[in-house]
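Colleague: Residues per chain are reported as follows:
There are 2 protein chains.
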Amino acid sequence: MKTLRKPIYFVAGEYTVSLGTGRPEFHPKKPRPGLEHYIAEAGRAVLAHLPGPEAIDEGVIGNFMAARFNRQGHLGAFLSLVHEDLRYRPSIRVEGACASGGLAMATAVKSVLSEQADAVLTIGVEVQNTVKAVYGADILAGAGHYAGERKQGNAHFFPCRFSERAGAYMDRYGVERTWEAMGRWYEQAVLNARANPKAQEHTNALPDPFATHQQSKPNPRSFCDHLNVFDCSKVSDGGAALLVASEEGLARAGIAKDQAIQLVGLGHAVGDLTAPPEDLTVLDTTREAVRRALAMAGIDVREVGVFEIHDCFTITAILTCEALGLCGPGEGADYVAAGNTRRDGATPMNTGGGLIGYGHPTGASGVRMAVDIWRQLTGNAGDYQVEIPADRPYGLTISMGGNDKSVVSCVFRRA
Amino acid sequence: MKTLRKPIYFVAGEYTVSLGTGRPEFHPKKPRPGLEHYIAEAGRAVLAHLPGPEAIDEGVIGNFMAARFNRQGHLGAFLSLVHEDLRYRPSIRVEGACASGGLAMATAVKSVLSEQADAVLTIGVEVQNTVKAVYGADILAGAGHYAGERKQGNAHFFPCRFSERAGAYMDRYGVERTWEAMGRWYEQAVLNARANPKAQEHTNALPDPFATHQQSKPNPRSFCDHLNVFDCSKVSDGGAALLVASEEGLARAGIAKDQAIQLVGLGHAVGDLTAPPEDLTVLDTTREAVRRALAMAGIDVREVGVFEIHDCFTITAILTCEALGLCGPGEGADYVAAGNTRRDGATPMNTGGGLIGYGHPTGASGVRMAVDIWRQLTGNAGDYQVEIPADRPYGLTISMGGNDKSVVSCVFRRA
Numbered sequence: 044m045k046t047l048r049k050p051i052y053f054v055a056g057e058y059t060v061s062l063g064t065g066r067p068e069f070h071p072k073k074p075r076p077g078l079e080h081y082i083a084e085a086g087r088a089v090l091a092h093l094p095g096p097e098a099i100d101e102g103v104i105g106n107f108m109a110a111r112f113n114r115q116g117h118l119g120a121f122l123s124l125v126h127e128d129l130r131y132r133p134s135i136r137v138e139g140a141c142a143s144g145g146l147a148m149a150t151a152v153k154s155v156l157s158e159q160a161d162a163v164l165t166i167g168v169e170v171q172n173t174v175k176a177v178y179g180a181d182i183l184a185g186a187g188h189y190a191g192e193r194k195q196g197n198a199h200f201f202p203c204r205f206s207e208r209a210g211a212y213m214d215r216y217g218v219e220r221t222w223e224a225m226g227r228w229y230e231q232a233v234l235n236a237r238a239n240p241k242a243q244e245h246t247n248a249l250p251d252p253f254a255t256h257q258q259s260k261p262n263p264r265s266f267c268d269h270l271n272v273f274d275c276s277k278v279s280d281g282g283a284a285l286l287v288a289s290e291e292g293l294a295r296a297g298i299a300k301d302q303a304i305q306l307v308g309l310g311h312a313v314g315d316l317t318a319p320p321e322d323l324t325v326l327d328t329t330r331e332a333v334r335r336a337l338a339m340a341g342i343d344v345r346e347v348g349v350f351e352i353h354d355c356f357t358i359t360a361i362l363t364c365e366a367l368g369l370c371g372p373g374e375g376a377d378y379v380a381a382g383n384t385r386r387d388g389a390t391p392m393n394t395g396g397g398l399i400g401y402g403h404p405t406g407a408s409g410v411r412m413a414v415d416i417w418r419q420l421t422g423n424a425g426d427y428q429v430e431i432p433a434d435r436p437y438g439l440t441i442s443m444g445g446n447d448k449s450v451v452s453c454v455f456r457r458a
Numbered sequence: 044m045k046t047l048r049k050p051i052y053f054v055a056g057e058y059t060v061s062l063g064t065g066r067p068e069f070h071p072k073k074p075r076p077g078l079e080h081y082i083a084e085a086g087r088a089v090l091a092h093l094p095g096p097e098a099i100d101e102g103v104i105g106n107f108m109a110a111r112f113n114r115q116g117h118l119g120a121f122l123s124l125v126h127e128d129l130r131y132r133p134s135i136r137v138e139g140a141c142a143s144g145g146l147a148m149a150t151a152v153k154s155v156l157s158e159q160a161d162a163v164l165t166i167g168v169e170v171q172n173t174v175k176a177v178y179g180a181d182i183l184a185g186a187g188h189y190a191g192e193r194k195q196g197n198a199h200f201f202p203c204r205f206s207e208r209a210g211a212y213m214d215r216y217g218v219e220r221t222w223e224a225m226g227r228w229y230e231q232a233v234l235n236a237r238a239n240p241k242a243q244e245h246t247n248a249l250p251d252p253f254a255t256h257q258q259s260k261p262n263p264r265s266f267c268d269h270l271n272v273f274d275c276s277k278v279s280d281g282g283a284a285l286l287v288a289s290e291e292g293l294a295r296a297g298i299a300k301d302q303a304i305q306l307v308g309l310g311h312a313v314g315d316l317t318a319p320p321e322d323l324t325v326l327d328t329t330r331e332a333v334r335r336a337l338a339m340a341g342i343d344v345r346e347v348g349v350f351e352i353h354d355c356f357t358i359t360a361i362l363t364c365e366a367l368g369l370c371g372p373g374e375g376a377d378y379v380a381a382g383n384t385r386r387d388g389a390t391p392m393n394t395g396g397g398l399i400g401y402g403h404p405t406g407a408s409g410v411r412m413a414v415d416i417w418r419q420l421t422g423n424a425g426d427y428q429v430e431i432p433a434d435r436p437y438g439l440t441i442s443m444g445g446n447d448k449s450v451v452s453c454v455f456r457r458a
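Those protein sequence lines, which keep their order, are chains A and B.
Take the first sequence: its letters are residues 44 to 458, numbered as in this note's numbering.
Take the second sequence: its letters are residues 44 to 458, numbered as in this note's numbering.
Hints are not guaranteed to be accurate.
One copy or any two copies: either way a pair holds, since identical chains are not told apart in the list.
[Stated by the list, open to error] Cut-off 20 angstroms, straight-line C-alpha distance, at most; resulting in silico cross-link-like pairs (SDA-like, lysine to any residue):
hint, residue 1, residue 2
1, K241, P71
2, K73, P263
3, K45, E97
4, K73, A190
5, K45, A294
If you are wondering where the hints come from, they were derived from the structure by calculation, not from laboratory data.
Just chain A, same shape as in the assembly (with noise of 0.2 angstroms):
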């Protein structure tokens, strides 16, 4: 088993808006910033909680698609924006779909437990809006594999693929029960996303999201057979950052060690692109990833007390309470329904609002992700606070890249 060869802690995080509809400064044809300000307003939110620039020595950036959303390629060299004196500092983009933040934040945690660096600033950025759905589906389906999957495609590449999830899932476990967890899912992240401003369902006003979700069952004429538009995860523009340190790094940062999260448990796991599921009702790439992690960790699931999840669908929620071991298979939707995911449940998830509540700028939801955790341990949280039991006392992230492809699985706790 795998251990890391020195503490490594995050601290700092930091993100901005998730722009996009929903929020009210959004507005589809007037101007918006690009990828460029996002890159620096997420940095230098971190770099405000540093003396300098000199405590940092170098960058990652978490990015899925900018070569097609933006025509842009090579983020890394954009890592000066942040401040002028970074420059000719290493800093490198990585990519892995929608897990490029989690893939940004494994990427860092190596550079320090190499010795090459005492501190990372790790960034994730998207700007999404840049095309029509249709097109931006067309962007999205290059992380599933496009010579072979987007033959049998069609304009909402990525909805149906999870779509067909949840049909599968509604045949095996039940119908009602399942549509009933997946407005429950819906629900819980609107009412987290108004817990938080930065949230793209912040304002969301609706009287009764469940019900709203619920009447809105998929019929023959739907985008998709089995998922409707509130289940599935926001189109957003945003970024997030924080940084990754040694020891050392973070005495250089100035950070006290009770505002600081200490990794402690990193699986990385990654599926055949080219190959679809054995079975549609099993995140197999997540379990294992997860796995890794709890293993690293040393820890049970049981002593989770806060997790962030890939939740780009309600039925990926599902699927992955079940991946997580936190109940057995065909449980995950009751596990749901119940409550056990709000946050005053058992184990909150996605307390900031997620990928549905708080918007899902793709390259950059792994850093978001851990953002929330650290917010969370560290008692930063705000009005989406949740009290962490003394004897669950760890943060656990799952970032999950296309159809349950690439994960990387982070476990934390308060250093």
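Please arrange chain B on chain A, whose structure you already have, making use of the hints.
Modeller: Just chain B, lined up with the frame of chain A:
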């Protein structure tokens, strides 16, 4: 100054044919292998040196623009195309424009140094002949600051950026000697490619490549002011791969030390993508990356016996000789024209043809360079083998992205 905390070996280097114009098997209208093919071909060629897939802990894939050339992201999840048993292994795609291959190696090195892996299959890949040249130029412009620079742009974005450098160099140091040196570099690239059966220019039958270059002087109707087509690297499809390993990883691979090269210096520097070069005749980011690599190795550049440099254009090679410190400012043209960089010269460069002779499958080039250094230092370079002097036992690579913006330089010696 940074050091490498444990020995790192590069072994089992392989690359595919560089497919594109010039190769007899290339036909612009006939079907060609895709990304998946090159990842599998290059990766399996490395695997053939190993006892089996159990000798590989992780994968890293360097790629620049599959998102636009092939509409495909998420290349890390193609690792198991190399062998199905690699499923669930950690794998990541990294990108830094044309330095993506160099960044893949730096990432693999850090993974081994971090002790999260003992052996990393490191692959570079690009498939560019999917679009017409004019669209390709727009795609490659994503290596610069697209939103900023592209406005000044034209249909040949990068050739024109380096044409500006050539023009500035000619203005300051003389047109004729610069033009002659550019022709000599082209001639050298062709002669070296003729000795490398995988090279795109392998069957180039020009009776006098130097004369052909010299006769094709840019004029007001040329696509660039100061470059002709012979000055440009090729549009290529191809893959390159090798294994980056610790002492334990090398033993597990069953590879004898005399078939390995050891990394002794690593320099990674990144400039500001949004800023124009301060001096068009100077590659300042390259100079900084090389300085770091040589400092870590604790050697002078005069101890290096063989080089692989990023000759995206002939002028870049001239500027790189100066950035390396092999000669002073303005002396690079004479240095090249005098034959120093030929296989029989004092400092052989790009012995297998480089980006102009072998070809430039962009994301693969950085890895391909290390493969050529591995071949030279271990005596596996076949018809393009050079003699490595005992007092200059080092090999050096320079993988550059954009207009001297991301640079990874490595120094190796035979293990």
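Colleague: Next step is simple, just say for each hint if it's right about the structure.
Modeller: Hints, one by one, checked against the model:
no.: 1; hint: K241 x P71; verdict: within (19 angstroms within a copy, 50 angstroms between copies)
no.: 2; hint: K73 x P263; verdict: neither (35 angstroms within a copy, 41 angstroms between copies)
no.: 3; hint: K45 x E97; verdict: between (32 angstroms within a copy, 16 angstroms between copies)
no.: 4; hint: K73 x A190; verdict: between (35 angstroms within a copy, 17 angstroms between copies)
no.: 5; hint: K45 x A294; verdict: between (26 angstroms within a copy, 19 angstroms between copies)
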